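A.B. asks: Okay, here's what each chain looks like letter by letter:
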Amino acid sequence: MSTNTSLLQVKDLVLSFSGLHVIQGLSFSVAQGSIASLIGPNGAGKTSIFNCLTGFYRPDSGKIVFNDRSIMRLKPHRITRRGMARTFQNLRLFKSMTVLENVMSGMHCRSSAGALSAILHTPGQRKEEREIREFCEQCLEFVGIQDKTDWIASNLPYGDQRRVEWARALATKPRLLLLDEPAAGLNHTEKKELIRLIRRIRDELGITILLIEHDMGLVMQISEKITVIDYGQKIAEGQAEDIQNDPRVIEAYLGREDEEEE
Amino acid sequence: MAEQTQSPRGSKPIVQSVARWLAPQRNRIIVLAVLAVVAMVLPLAANNYMLEVLSNAWFYVVLCLGLNIVVGYAGLLDLGYAAFFAVGAYTTGILTSQFGVNFWLTIPVAVVCSMAAGIIIGGPTLRLRSDYLAIVTLGFGEIVRICARNLEITGGAGGLIGIERPHLFGLHLNQAIHFYYVFLALAVLACFCSYRLQHSRLGRAWQYVREDEDAAEAMGINRVGAKLYAYVIGAVFGGVAGCFFAAKMTAISPETFMFQQSVLILVGVVLGGMGKIPGVIIGAFALVLFPEVFREIGSMRMLVFAVVMLVIILYRPEGIWPAKRS
Amino acid sequence: MSSLDIFFQQLANGLILGSFYALVALGYTMVYGIIKLLNFAHGDLYMCGAFVGFLFLSLVSGLLGESWTGILCSMVLSMLTIGLLGVLIQRVAYRPMLSAPRLSILITALAVSMVLSNGVMALTDGDYEAFNTDLGFEGLEMGNVFITYTQIVLVVSAALLMLTLFFFINRTMYGKAMRAIAIDQDACRLMGINVNRVIALTFFIGSALAGAAGVMAGVYYGSIHFFMGFVIGLKAFTAAVIGGIGSIRGAMLGGLALGLLEAFGTQIPFVGSEWKDVFSFGILILLLVFKPTGLLGKTEIERM
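Protein chains in written order, with our numbering: chain A, 1 to 262; chain B, 1001 to 1326; chain C, 2001 to 2304.
Hints may be right or wrong, so weigh each one.
Claimed, not checked - Simulated crosslink set (SDA-like; lysine to any residue; CA at most 25 angstroms straight-line):
hint	chain 1	residue 1	chain 2	residue 2
1	A	95	C	2098
2	A	11	A	74
3	A	95	B	1211
4	A	148	B	1024
5	A	75	C	2287
6	C	2036	C	2148
7	C	2036	A	18
8	C	2036	B	1310
9	C	2036	A	90
10	A	234	A	218
11	A	95	C	2036
12	C	2276	B	1159
13	A	148	B	1025
14	C	2176	C	2189
15	C	2291	A	61
16	C	2176	C	2191
17	A	192	A	159
18	A	95	C	2096
19	A	173	A	41
20	A	191	A	74
21	A	95	B	1020
22	C	2276	C	2148
23	A	173	A	150
24	A	191	A	205
25	C	2036	B	1126
26	C	2036	B	1311
27	A	148	B	1198
28	C	2291	C	2035
29	A	191	A	233
30	A	191	A	154
31	A	225	A	199
32	A	75	B	1128
33	A	95	A	158
34	A	234	A	95
35	A	75	B	1212
Derived from the structure by calculation, the hints contain no laboratory data.
Here the structure is a predicted model, which is why all the values come from computation and not from measurement.
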């Protein structure tokens, strides 16, 4: 597939909460097969954009086109079914369930067995269960925690919990993966692994990636296109070098430079 | 390996060691086989009074397992479960006593009716927050009872009498022992269905929604759909139980389906342990056997249940049956 | 009776019913506003209030008589008792559950409700108790409309209680703290507010109002029963939702609205009084489904 066609297009998106404009006429696009980033100072509205894209917020107006079809005002589960998966800024695992069960949640929208076939254990149902399990094990292997399949999710160390979230997102067989601050709380080596993993997801699985990140180093290193947001508006767009030298970006981040390095 | 986080504050060592012994599959099969034999031969040694009590216990096992799908699996508080039980009982009652339909043919009709009731109640309300849902189900439960009480077709406050007892392979089911086996079979069927559902794609979806609705939705699970599914299946359990209840009693009246009935079923589920089949069975038996064993306090049984339930939910929220280990 | 007479008679009936609903609805809404708990036991506190009032009245009747002095005295005592009972319930049952899953705390509330109603049932053997008073049946007669003095006193005292509450919430430090906790508990803690004490006070006031309503209902209906809290609990909850749960003004408004609706609802032709409850539950369900924020409630922003 050509990298020039855009998989996701956002046009004139507006979102407000009781009169307060959080996103004001934002437009951007994500090319098929690319790694793109949204950055911006705290409170710029990045996570709100994610929530609009995935259907958790209802934008006031604008257009969101994913894979040539509008996904405006669709329910979150429908959007996931269309091939958009996400991770959460604060981990949202199913805490008391096992790692494998967590990942299996992703396969839910790609399988179909209902109550009757579950009670009767029809051959189709059994085959489906087997496929779900196998695919989820592959996902866990891909992110590198296949040895912890039977752990209860909340007992895993933080870094591994992140991996479970990725595996879970991958299990929905997405075309576009939204990562909400994937590097938050990771140490230096973990960040390096993260960069490798993100590249592998794109290169080996052909999944397009859009990420929100605070860690400028990581964003600059990995992104092919960066969109900078402030006060719900796009203030700059382009490749890493363009962004670094853009006066408006520097202004938006001015005085915050020291806080960025954790 | 890892233990579930909801650790009990006051765990009983005996219960835990029993649970540990039950962990291997082999021991479980032995216990199940022994219990099955006991359940099968028990009626041969029992008098009519004991048979009545035991069939009643199996009957409550079915109701509690049905409500358990809604409360235990999907995490929805339903305070009007008796409404579904009423739908089943009245469907059979009306069709057999007023239209002369064969009992067995009323069961599919009752299944359809209770599914419809589940969809009518659940469809618009399941997107509400949990406490609102509890109140709405309570309201619906009362509406169903008031309708049964005031409509002509349901026999008004007097209810329906003269419901035909069914035949099974030429055998007229008219003795206590017959109904013991009927309800035992129903309870086994309910356990089987519950178990299969719990360990299926659908059962997992319920658990995801129960743990974190937003995350479940983000993973592509239709939360309203999953809840509605649980609600409708729970309704079918209640409806089918209601059919056999009508056939056994031969008479039904609206007072059977009061709010207290819904609460009683809920007590059984909470007492034994929400979401756990053996727990729910124990809860249902406790519900029925307790007032029989302690006859003197009969009138105070709801008070005792209430206190026990309060203590359990405060100090052992996972119920009598211990939490699953992994 | 002319239709105008019927109108005024039902208006009077509706106001009385409505002021009971409003008093009970206030407790629901206050507790819900501050800790987001639907207190199933609230209707039972109303019932307990009636019984405690009944008990006190029979104790003081020798000294003060069974007229207004005695009733007022027993009502105040009942309010104190039920207020403390509410605080006790909050302390023992709800406080440990605040961080537990929502389902557990709802079941806790249900269990508390069962303990109260079945406790009273066990004590009274489930019988009706006659709530005897010396109040006469004199009243105001305006054409065909008849309102007893008892009814007038009851409505006025309910209004006084609500006014007092209104000033308390809006003009005192405690009232301010209550409203602040409803918005952000953690921030209040940081600002040095004794959150637990304010929550306890909220339970005290809400329960005391229910207790007062219970005594008033006893006086009005003349008989009390352990199950009397169930239906009014549901109705008052409906009233709180009509007004917008969490809103004090809403609860008062919702209570009156529901009382009037029911009073006039009985005048709809072909709908007998046996369908009265279906009518109010129907309103509740429709309201929860289509306008869960009620008349005066704030829209909650749906967010992650």
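A.B. asks: For residue 2276(C) and residue 2148(C), compute the direct alpha-carbon distance and say whether it is at most 25 angstroms.
C.D. replies: holds (24 angstroms)
A.B. asks: Take the C-alpha atoms of residue 95(A) and residue 1211(B), compute the straight-line distance between them, and say whether it is at most 25 angstroms.
C.D. replies: holds (7 angstroms)
A.B. asks: Does residue 205(A) sit within 25 angstroms of residue 191(A), going by the straight-line distance between their CA atoms?
C.D. replies: holds (20 angstroms)
A.B. asks: Is residue 192(A) within 25 angstroms of residue 159(A), Cα to Cα?
C.D. replies: Given that 25 angstroms is the threshold and the Cα spacing comes to 13 angstroms, the pair holds.
A.B. asks: Between the alpha carbons of residue 2036(C) and residue 1311(B), is the straight-line distance 25 angstroms or under?
C.D. replies: Between residue 2036(C) and residue 1311(B) the Cα gap is close to 22 angstroms, so the pair holds against 25 angstroms.
A.B. asks: Between residue 75(A) and residue 2287(C), does the CA-CA distance stay at or below 25 angstroms?
C.D. replies: holds (23 angstroms)
A.B. asks: Would you check the hint for residue 95(A) and residue 2098(C), treating anything up to 25 angstroms between C-alpha atoms as holding?
C.D. replies: holds (19 angstroms)
A.B. asks: Are residue 95(A) and residue 2036(C) close enough, with their CA atoms no more than 25 angstroms apart?
C.D. replies: Given pair residue 95(A), residue 2036(C) holds - Cα atoms ~24 angstroms apart, limit 25 angstroms.
A.B. asks: Given the hint that residue 234(A) pairs with residue 95(A), test it: the Cα-Cα distance must not exceed 25 angstroms.
C.D. replies: Violated. Residue 234(A) to residue 95(A) sits at ~36 angstroms, over the 25 angstroms cutoff.
A.B. asks: Between the alpha carbons of residue 2291(C) and residue 2035(C), is the straight-line distance 25 angstroms or under?
C.D. replies: Roughly 22 angstroms between the alpha carbons, so the hint for residue 2291(C) and residue 2035(C) holds.
A.B. asks: Residue 173(A) and residue 150(A) were given as a pair; does the straight-line alpha-carbon distance stay at or below 25 angstroms?
C.D. replies: Between residue 173(A) and residue 150(A) the Cα gap is close to 22 angstroms, so the pair holds against 25 angstroms.
A.B. asks: Could you grab the alpha-carbon distance between residue 95(A) and residue 2096(C) and see if it respects the 25 angstroms cut-off?
C.D. replies: holds (21 angstroms)
Checked against the numbered hints given earlier, the structure breaks hints 6, 19, 20, 29 and 34 and satisfies all the rest.
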